[in-house]
Amino acid sequence: MSPVNLSTQFAGIKLRNPILTCSGTYGFGEEYVAYCPLEALGGITLKGITPLPRLGNPVPRLAETPAGLLNAVGLENPGLEEFLKSYLPKVRKLPTAAIANISGFSLEDYVLLARALQKDSGLAALEVNISCPNVKHGGMHFGTDPQSAQEVIAAVKAVTDLPVIAKLSPNVTDIVGMARAVQLGGADALSLINTLLGMHIDINQQRPVLANTFGGLSGPAIRPVAVRMVWQVFQAVDLPIIGMGGITTWQDAVEFMLAGATAVSIGTGNFVNPLVPLEILQGIQDYCEKRGLASVHDLVGLAHRA
Amino acid sequence: MSPVNLSTQFAGIKLRNPILTCSGTYGFGEEYVAYCPLEALGGITLKGITPLPRLGNPVPRLAETPAGLLNAVGLENPGLEEFLKSYLPKVRKLPTAAIANISGFSLEDYVLLARALQKDSGLAALEVNISCPNVKHGGMHFGTDPQSAQEVIAAVKAVTDLPVIAKLSPNVTDIVGMARAVQLGGADALSLINTLLGMHIDINQQRPVLANTFGGLSGPAIRPVAVRMVWQVFQAVDLPIIGMGGITTWQDAVEFMLAGATAVSIGTGNFVNPLVPLEILQGIQDYCEKRGLASVHDLVGLAHRA
Amino acid sequence: MLTEGQVVVHESLGDEEQRLRRLVLKGPIARTAHAGQFVAIQVQDSSISSFDPLLRRPISIAGISSERDEITLLYRIQGRGTEILARAKCGERLSVMGPLGKGFSLPEKGELWLVAGGIGIFPLYPLAQSALAQGLTVRLFWGGENKSFLESAGLSSWKALGIPLHLSTLDGSLGQTGLVTEQAQELLKKSSASGGQIRAATCGPKKMMQAATELFKNYKVSVEVSLEERMGCAVGACLGCVCTLVDEAGVLIHRKVCQDGPVFRGEEVVWNESC
Amino acid sequence: MLTEGQVVVHESLGDEEQRLRRLVLKGPIARTAHAGQFVAIQVQDSSISSFDPLLRRPISIAGISSERDEITLLYRIQGRGTEILARAKCGERLSVMGPLGKGFSLPEKGELWLVAGGIGIFPLYPLAQSALAQGLTVRLFWGGENKSFLESAGLSSWKALGIPLHLSTLDGSLGQTGLVTEQAQELLKKSSASGGQIRAATCGPKKMMQAATELFKNYKVSVEVSLEERMGCAVGACLGCVCTLVDEAGVLIHRKVCQDGPVFRGEEVVWNESC
Ligand SMILES: Cc1cc2nc3c(=O)[nH]c(=O)nc-3n(C[C@H](O)[C@H](O)[C@H](O)COP(=O)(O)OP(=O)(O)OC[C@H]3O[C@@H](n4cnc5c(N)ncnc54)[C@H](O)[C@@H]3O)c2cc1C
Ligand SMILES: Cc1cc2nc3c(=O)[nH]c(=O)nc-3n(C[C@H](O)[C@H](O)[C@H](O)COP(=O)(O)OP(=O)(O)OC[C@H]3O[C@@H](n4cnc5c(N)ncnc54)[C@H](O)[C@@H]3O)c2cc1C
Ligand SMILES: Cc1cc2nc3c(=O)[nH]c(=O)nc-3n(C[C@H](O)[C@H](O)[C@H](O)COP(=O)(O)O)c2cc1C
Ligand SMILES: Cc1cc2nc3c(=O)[nH]c(=O)nc-3n(C[C@H](O)[C@H](O)[C@H](O)COP(=O)(O)O)c2cc1C
Ligand code: FES
Ligand code: FES
Numbered sequence: 002m003s004p005v006n007l008s009t010q011f012a013g014i015k016l017r018n019p020i021l022t023c024s025g026t027y028g029f030g031e032e033y034v035a036y037c038p039l040e041a042l043g044g045i046t047l048k049g050i051t052p053l054p055r056l057g058n059p060v061p062r063l064a065e066t067p068a069g070l071l072n073a074v075g076l077e078n079p080g081l082e083e084f085l086k087s088y089l090p091k092v093r094k095l096p097t098a099a100i101a102n103i104s105g106f107s108l109e110d111y112v113l114l115a116r117a118l119q120k121d122s123g124l125a126a127l128e129v130n131i132s133c134p135n136v137k138h139g140g141m142h143f144g145t146d147p148q149s150a151q152e153v154i155a156a157v158k159a160v161t162d163l164p165v166i167a168k169l170s171p172n173v174t175d176i177v178g179m180a181r182a183v184q185l186g187g188a189d190a191l192s193l194i195n196t197l198l199g200m201h202i203d204i205n206q207q208r209p210v211l212a213n214t215f216g217g218l219s220g221p222a223i224r225p226v227a228v229r230m231v232w233q234v235f236q237a238v239d240l241p242i243i244g245m246g247g248i249t250t251w252q253d254a255v256e257f258m259l260a261g262a263t264a265v266s267i268g269t270g271n272f273v274n275p276l277v278p279l280e281i282l283q284g285i286q287d288y289c290e291k292r293g294l295a296s297v298h299d300l301v302g303l304a305h306r307a
Numbered sequence: 002m003s004p005v006n007l008s009t010q011f012a013g014i015k016l017r018n019p020i021l022t023c024s025g026t027y028g029f030g031e032e033y034v035a036y037c038p039l040e041a042l043g044g045i046t047l048k049g050i051t052p053l054p055r056l057g058n059p060v061p062r063l064a065e066t067p068a069g070l071l072n073a074v075g076l077e078n079p080g081l082e083e084f085l086k087s088y089l090p091k092v093r094k095l096p097t098a099a100i101a102n103i104s105g106f107s108l109e110d111y112v113l114l115a116r117a118l119q120k121d122s123g124l125a126a127l128e129v130n131i132s133c134p135n136v137k138h139g140g141m142h143f144g145t146d147p148q149s150a151q152e153v154i155a156a157v158k159a160v161t162d163l164p165v166i167a168k169l170s171p172n173v174t175d176i177v178g179m180a181r182a183v184q185l186g187g188a189d190a191l192s193l194i195n196t197l198l199g200m201h202i203d204i205n206q207q208r209p210v211l212a213n214t215f216g217g218l219s220g221p222a223i224r225p226v227a228v229r230m231v232w233q234v235f236q237a238v239d240l241p242i243i244g245m246g247g248i249t250t251w252q253d254a255v256e257f258m259l260a261g262a263t264a265v266s267i268g269t270g271n272f273v274n275p276l277v278p279l280e281i282l283q284g285i286q287d288y289c290e291k292r293g294l295a296s297v298h299d300l301v302g303l304a305h306r307a
Numbered sequence: 006m007l008t009e010g011q012v013v014v015h016e017s018l019g020d021e022e023q024r025l026r027r028l029v030l031k032g033p034i035a036r037t038a039h040a041g042q043f044v045a046i047q048v049q050d051s052s053i054s055s056f057d058p059l060l061r062r063p064i065s066i067a068g069i070s071s072e073r074d075e076i077t078l079l080y081r082i083q084g085r086g087t088e089i090l091a092r093a094k095c096g097e098r099l100s101v102m103g104p105l106g107k108g109f110s111l112p113e114k115g116e117l118w119l120v121a122g123g124i125g126i127f128p129l130y131p132l133a134q135s136a137l138a139q140g141l142t143v144r145l146f147w148g149g150e151n152k153s154f155l156e157s158a159g160l161s162s163w164k165a166l167g168i169p170l171h172l173s174t175l176d177g178s179l180g181q182t183g184l185v186t187e188q189a190q191e192l193l194k195k196s197s198a199s200g201g202q203i204r205a206a207t208c209g210p211k212k213m214m215q216a217a218t219e220l221f222k223n224y225k226v227s228v229e230v231s232l233e234e235r236m237g238c239a240v241g242a243c244l245g246c247v248c249t250l251v252d253e254a255g256v257l258i259h260r261k262v263c264q265d266g267p268v269f270r271g272e273e274v275v276w277n278e279s280c
Numbered sequence: 006m007l008t009e010g011q012v013v014v015h016e017s018l019g020d021e022e023q024r025l026r027r028l029v030l031k032g033p034i035a036r037t038a039h040a041g042q043f044v045a046i047q048v049q050d051s052s053i054s055s056f057d058p059l060l061r062r063p064i065s066i067a068g069i070s071s072e073r074d075e076i077t078l079l080y081r082i083q084g085r086g087t088e089i090l091a092r093a094k095c096g097e098r099l100s101v102m103g104p105l106g107k108g109f110s111l112p113e114k115g116e117l118w119l120v121a122g123g124i125g126i127f128p129l130y131p132l133a134q135s136a137l138a139q140g141l142t143v144r145l146f147w148g149g150e151n152k153s154f155l156e157s158a159g160l161s162s163w164k165a166l167g168i169p170l171h172l173s174t175l176d177g178s179l180g181q182t183g184l185v186t187e188q189a190q191e192l193l194k195k196s197s198a199s200g201g202q203i204r205a206a207t208c209g210p211k212k213m214m215q216a217a218t219e220l221f222k223n224y225k226v227s228v229e230v231s232l233e234e235r236m237g238c239a240v241g242a243c244l245g246c247v248c249t250l251v252d253e254a255g256v257l258i259h260r261k262v263c264q265d266g267p268v269f270r271g272e273e274v275v276w277n278e279s280c
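Protein sequences, first through last, are from chains A, D, R and W. Sequential numbering of the first sequence, starting at 2, is according to the working numbering. Sequential numbering of the second sequence, starting at 2, is according to the working numbering. Sequential numbering of the third sequence, starting at 6, is according to the working numbering. Sequential numbering of the fourth sequence, starting at 6, is according to the working numbering.
Just chain A, with the same shape it has in the complex (with noise of 0.2 Å):
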């Protein structure tokens, strides 16, 4: 049998596989070079970086849960100008795609960052992470609005050549809505799911117990909204998905796949076992011979024809 064809390509992004990293939990790609080799993944998303560097929250900041991971960082990050001279240089000759990771507090750090982020710097993509609150706007999230994601997304389009992925916030009423409005933004396209708003009470300090009170659930628990939220989306909107939230294993991989996920990202999976995302890809290669499948990406959405 000829062997499946892993190689993926969607919105003007050409991937060696459909196998990520998530925003976040793989830092600039350096980090996990020891545990897992970088040129067997599909791409890496670095850490989220915002114009001027942040020192993020105060510590505790992570909380763990059942099958899950709260965590509350805070975007803490190097700055633009450090990402550029520090970081970007080393990100080039990663062996693998690196997408990088914007976030903002108004609509002008997003269009400074995207700016900045072109074509000729190397990277494969512009992730936005939409789910930050919106200063000028009283806090209200850019990712829990649909028309402040819009014009996000539309501002960060016009400012940069390389392709747009919007990322979502899952803690809205309706996702189609949100995936709706960026696709009108112009975003090239989506990821979902972002963190699960959450927290944990230390009851025996009788206080929340990260520092900052709330923070973002990930890891298997979320799965299953996860994948509700890709199956919606994908039924609704024609705009190709990386999927992400709780991939552990290649038989989450796969679901998510048969989703509607033309690519999947895993982040909390990592620090479960850093080799998650080979186990993935070598899971998901037999599945597809199994089936006698040619390509991944004939998994992408199989389980809407049912």
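It is worth saying that the hints were derived from the structure and are not from the lab. Treat the hints with care, as some may be off.
[What the hints assert, rightly or not] The calculated lysine-lysine pairs, modelled on DSBU-like cross-linking and capped at a C-alpha distance of 30 Å, are:
id	chain 1	residue 1	chain 2	residue 2
1	W	K94	R	K94
2	W	K94	R	K31
3	R	K94	W	K31
4	D	K120	D	K86
5	R	K212	A	K291
6	W	K211	W	K194
7	W	K211	D	K291
8	W	K222	W	K164
9	D	K291	W	K212
10	R	K107	D	K86
11	A	K291	R	K211
12	D	K91	R	K107
13	D	K94	R	K107
14	A	K86	W	K107
15	A	K94	W	K107
16	W	K211	W	K222
17	R	K225	R	K212
With chain A held as given, fit chains D, R and W with the ligands onto it using these hints.
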């Protein structure tokens, strides 16, 4: 040391202790009798009823997920008439408080149900499940639209003399906005939270596991989201809260009370271990004793003081 | 009843490749258990809670020894839950709810025909024992993948009962080649016993039970079937496990497999795939 | 390095009420490990995945035998994760990442003072061994709850090193009554050795390490401290475990405990509770 006062009173509801069981997970009160002494519970919430009998969804209705359970029972219930005739008489004889749970697909449904359930029915309260599609308004869920939610609660409030508990859906952008809406509608208390919408795909059959495609996610996986919502609503809205969502240990129950819940309710936890409610009661009691609290009510919202 | 059953035997059953296990638990469940009932067992050591996997697993009671306060569970390692269960060591305590549901009924007299497909055989053994103890004539029709499976899944204990065994395998490695219902049909054709003298009980894949039910119906033999469905509470409280029956008036109704079953009269079951 | 360490010893350490465990793992980690580094260990049998608990647990390397390819981990059963870890049986394989982080450094010559609070003693033992092997003079200040704790947590092995031990307990059941730093202070006062000749390393509760750092600063003794923080990735990728340091210019900066630490120079650590 004098024993901890476990009794709880809120919104005109008097409970022996603050431990309830969740609607849909405890039948009509008789099913668990051989497994958990009902007289030890603060009360039970009955399976949701609708005006007419419903067969609900086809099977499979359940799917296990990491630390969670998806269900798509589809509100199977005997209907109001049969409830009044065959179930209510037995419910009245239960050795604990019973809260009815009502669901509808139009405003009229809710009114019809609420009118039939008054103080003289022997029920302790009426829990209004608004996580249902409003078929007259294009299927938009009552529970995701503040306006509809307020209307439903106001309509129910107008026709029953029982305390009215509004049970909120977590599948919304702004849970505080929903809580405020039902408060305006006249709700006496809040139940937080119903299930998160999720799904699971069978990768062998390449189709959703649940016959209904989507289901409600419950169990420990969702606890961080539930605690966060209880916390947010406690801060913003002055109504007693029944906290639920993933409570399986006494520590979980204390966590909800510290976040602001006046009572707690156990759903999926009963499936894990039917003695969970008793273990929780004992655990809360010990916790209060160790900390010198005279009443379990002293726990409510304590973590906000930090 | 919720009890902590102590593991007294936990071993591989037959060929390791069949992934079958025999688990004997000591506890009071044996005192009230009947053939066809099941337990809901926590698939991990009950001393430290982990919520993944979350739910208990329903397993039929495959052996009842009330004198020794022991029940036997026979199961196949199927997924993650049973895989974790398989790690339980002798002496460990497992949380078990049971006996659950309604088991098989026994006729006063006459013949009892048992029809098993694959591991559907497990709940039928204590039924055969009770029937024989009551003086009934019992015969077994049992179909499986192959010889290795039948031998692993307890053929020798069945032989020890000294009843007629009609075996079949898909690959013909033991007994007749083909489906178990074909053998029953052959015998029914030849049989002198009229439908009224025979009662049947069947457990196995849905398709097999449906075929058996239709077959017996043609011969006016009443048959009990043991259904399977995914379970939440296992006590009738969550409505997760319903099956569809047709009542005397021809109306479709739901019953709970956990509480009203798992054993139902074959004729009343609606066999459509999912309602 | 990600490896499957085979459990070769897993036993209770001292008094059972102290809930301490000694776990020896066979695998290649020993070859490159240094005192002060740690591993991130999966707290369940790696053959069947369960996602509750989800994360690995950071545990210091408390013994290194490169000849036998063995590392020793000493830990206290603290919560659910370590409770599950404690069930691992000899022969089982546990998934271990390590050696992680940067360990303690050793001076060329002179005296090394070790200051330990409670189970903070564990990573200091291999450090003492290396220091002695290099010909340094080593002394230990160690404070604990009571005699039972100190004896359980390895006092006899420390005695076997033949170095001066300054013990203290909160209840006075062994050594002096009071805090470990008080003893160090006394000796510093009396000591003829100037700050330049002494180096210190400390591990234990934050408050204790802070006090030790201030004390040593007064005597111009440079001290290394081993910090703890909740970890996600354990390799520097998630920024979950940062600590705050002050750089030469007086600017507050974040460093990752997992990658840049867990050992830092005491003087640069900002000890405020949570930033
Ligand atoms: C009344 C009854 C009696 C049973 N008796 C036996 C028996 O004696 N021996 C035996 O080997 N098996 C028996 N089964 C099937 C057994 O429950 C499943 O094989 C088992 O639940 C699979 O669990 P798992 O964790 O290995 O699989 P997983 O894939 O981890 O299961 C995931 C979820 O699906 C449920 N599930 C999966 N398969 C089934 C199934 N076939 N029926 C019901 N729920 C399922 C599980 O309980 C769990 O909630 C019985 C089932 C029922 C309903
Ligand atoms: C670098 C480092 C080295 C350590 N070395 C040792 C050692 O040698 N021996 C030892 O007994 N303990 C050591 N600890 C502490 C050990 O990691 C915690 O006791 C352990 O994580 C508690 O896990 P648990 O599952 O029992 O508790 P749980 O309450 O189940 O833990 C819940 C979560 O909080 C985290 N957590 C809880 N306490 C701590 C803590 N003190 N530090 C970091 N994370 C924590 C857990 O890792 C887990 O993610 C070390 C910690 C660090 C950071
Ligand atoms: C520690 C941590 C940090 C994260 N930081 C970012 C970030 O900077 N930008 C972003 O868009 N998403 C961030 N995320 C969200 C992840 O990229 C991902 O969407 C989410 O964790 C769900 O995937 P998972 O369950 O596989 O982790 C972060 C997640 C974690 C756990
Ligand atoms: C099987 C099942 C059926 C349910 N049916 C209802 C219902 O009829 N009405 C309702 O308001 N909530 C229903 N719920 C939601 C629960 O009452 C509860 O809000 C939710 O499960 C979260 O709590 P838990 O995590 O403790 O289960 C149901 C939940 C489950 C698991
Ligand atoms: S499993 Fe809950 S009703 Fe049967
Ligand atoms: S634990 Fe992830 S950076 Fe340290």
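Taking the hints in turn, this is what the structure says about them:
With a C-alpha separation of about 12 Å, the suggested pair K94/W and K94/R falls inside the 30 Å cut-off, and the hint holds. Taking the CA atoms of K94/W and K31/R, the gap is near 24 Å; set against the 30 Å cutoff, the hint holds. Among the hinted pairs, K94/R with K31/W is consistent with the structure: their alpha-carbon atoms are about 24 Å apart, no more than 30 Å. Taking the CA atoms of K120/D and K86/D, the gap is near 17 Å; set against the 30 Å cutoff, the hint holds.
Note on K212/R and K291/A: the hinted pairing holds, with a Cα-Cα distance of about 26 Å set against a maximum of 30 Å. Distance check on the hinted pair: K211/W and K194/W sit about 24 Å apart at the alpha-carbon level, within 30 Å; holds. For the suggested pair K211/W and K291/D, the alpha carbons sit about 26 Å apart, so the restraint of at most 30 Å is met. A distance of roughly 28 Å separates the Cα atoms of K222/W and K164/W; the hinted pair therefore holds under the 30 Å criterion.
Annotation: proposed proximity of K291/D to K212/W holds, straight-line Cα distance about 26 Å (limit 30 Å). Distance hint between K107/R and K86/D is fulfilled; the C-alpha atoms sit about 26 Å from each other, no more than 30 Å. Distance restraint check for K291/A and K211/R: the Cα-Cα separation of roughly 26 Å lies within the 30 Å cut-off, and the hinted pair is therefore satisfied. The hinted pair formed by K91/D and K107/R meets the criterion: a straight-line CA distance of about 22 Å does not exceed 30 Å.
Distance hint between K94/D and K107/R is fulfilled; the C-alpha atoms sit about 26 Å from each other, no more than 30 Å. For the hint linking K86/A to K107/W, the alpha-carbon distance of about 26 Å falls within 30 Å, and the restraint holds. Of the pairs offered as hints, the one joining K94/A and K107/W holds, with about 26 Å between alpha carbons and a cut-off of 30 Å not exceeded. Restraint check: the Cα-Cα separation between K211/W and K222/W comes to about 16 Å, which is no more than 30 Å; the hinted pair holds.
Taking the CA atoms of K225/R and K212/R, the gap is near 20 Å; set against the 30 Å cutoff, the hint holds.
Checked against the numbered hints above, the structure violates none of them.
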